[in-house]
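*Asks:* Sequence:
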Amino acid sequence: MQPDYKLLSLHGNVTLPAGGTQKVVLTDSIYITAHGLEADNGIKEYYQDTECALLHYAQEHYVFWHEQYPNLAPEKITPGFFGENISTLGLTEKNVCIGDIFHLGAVELQVSWGREACEKIAGKLNDPLAPEIMHQQSRNGWFYRVLQSGEIHPGDKLILKARPKPKWTLSRVQHALWGEILLPEELESLNKMPELAASWRKLAGKRLEQYATL
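Using the UniProt record's numbering, the first residue of the sequence shown is number 1, and each one after it goes up by one.
Worth flagging that the hints you see were computed from the coordinates, not collected in a lab. The structure displayed is predicted, hence computed values, not measured ones. Do not rely on the hints blindly, as some may be mistaken.
[Stated by the list, open to error] No more than 20 Å apart at the CA atoms, straight line, and that leaves these computed lysine-lysine pairs for PhoX-like:
| no. | residue 1 | residue 2 |
| --- | --- | --- |
| 1 | K165 | K192 |
| 2 | K6 | K157 |
| 3 | K76 | K124 |
| 4 | K94 | K165 |
| 5 | K167 | K94 |
| 6 | K165 | K202 |
[As the list claims (entries may be wrong)] Okay, the calculated beta carbon distance ranges per label pair:
| no. | residue 1 | residue 2 | range |
| --- | --- | --- | --- |
| 7 | E209 | Y46 | 33 to 39 Å |
| 8 | K192 | N71 | 43 to 49 Å |
| 9 | H66 | E209 | 21 to 27 Å |
| 10 | Q22 | P128 | 18 to 24 Å |
| 11 | A73 | K161 | 38 to 44 Å |
| 12 | V24 | N95 | 24 to 30 Å |
| 13 | E180 | K44 | 40 to 46 Å |
Quick reminder that beta carbons are idealized off the backbone N, C-alpha and C, glycines included.
With these hints in hand, go ahead and build the complete structure from the sequences.
*Replies:* Below, the structure is given as structure tokens:
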């Protein structure tokens, strides 16, 4: 039986009056393309890089962030806070693998790489160390490429259909790329992994070069 995960929320960007964007809950049908999404209410997201069409974030991570930053109002750190489009329970960086193929409504998605935390996360959490914590804890979320465009709806299930790289969980990939000990055999595998986004394959190649100079 193929694992499935209920879609708890869907989010899309809206432009704020003062500038910038904010994620809001999408309640109607959404059309997913290779470059992002378009909702019935007119909200659109477009990304030139097709490796970043949708961002997934595990809803269970929010408990950690509430405990990490108790001075921030819990109602502020709610699904959508980390910029995700998709939120579920039961699927995290420790059990999702690079290359995993999921069906969601009429859409087929494939895990391409993980989100790299940056200064934006630091600003949202008012902590310059937040990006490092996110990576150390492997709580940064992941991106999908779209293999088949189509329509999805709130409440759809994310169904795992194929797992070509079962040994390569996202947390393992992150550790191989950013861990204190560089393992050349792992970096070489990542550098040649077609399911992995080109930017992380390139990063694995750079890490290999660093290892060669040690």
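*Asks:* The structure should be examined with respect to each hint, and the outcome stated for every one.
*Replies:* Hint check:
no. : hint                      : verdict
1   : K165 with K192            : 13 Å, holds
2   : K6 with K157              : 4 Å, holds
3   : K76 with K124             : 10 Å, holds
4   : K94 with K165             : 13 Å, holds
5   : K167 with K94             : 11 Å, holds
6   : K165 with K202            : 19 Å, holds
7   : E209 with Y46: 33 to 39 Å : 34 Å, holds
8   : K192 with N71: 43 to 49 Å : 45 Å, holds
9   : H66 with E209: 21 to 27 Å : 40 Å, violated
10  : Q22 with P128: 18 to 24 Å : 22 Å, holds
11  : A73 with K161: 38 to 44 Å : 39 Å, holds
12  : V24 with N95: 24 to 30 Å  : 28 Å, holds
13  : E180 with K44: 40 to 46 Å : 42 Å, holds
When the structure is compared with the earlier hints, a violation turns up for hint 9 alone.
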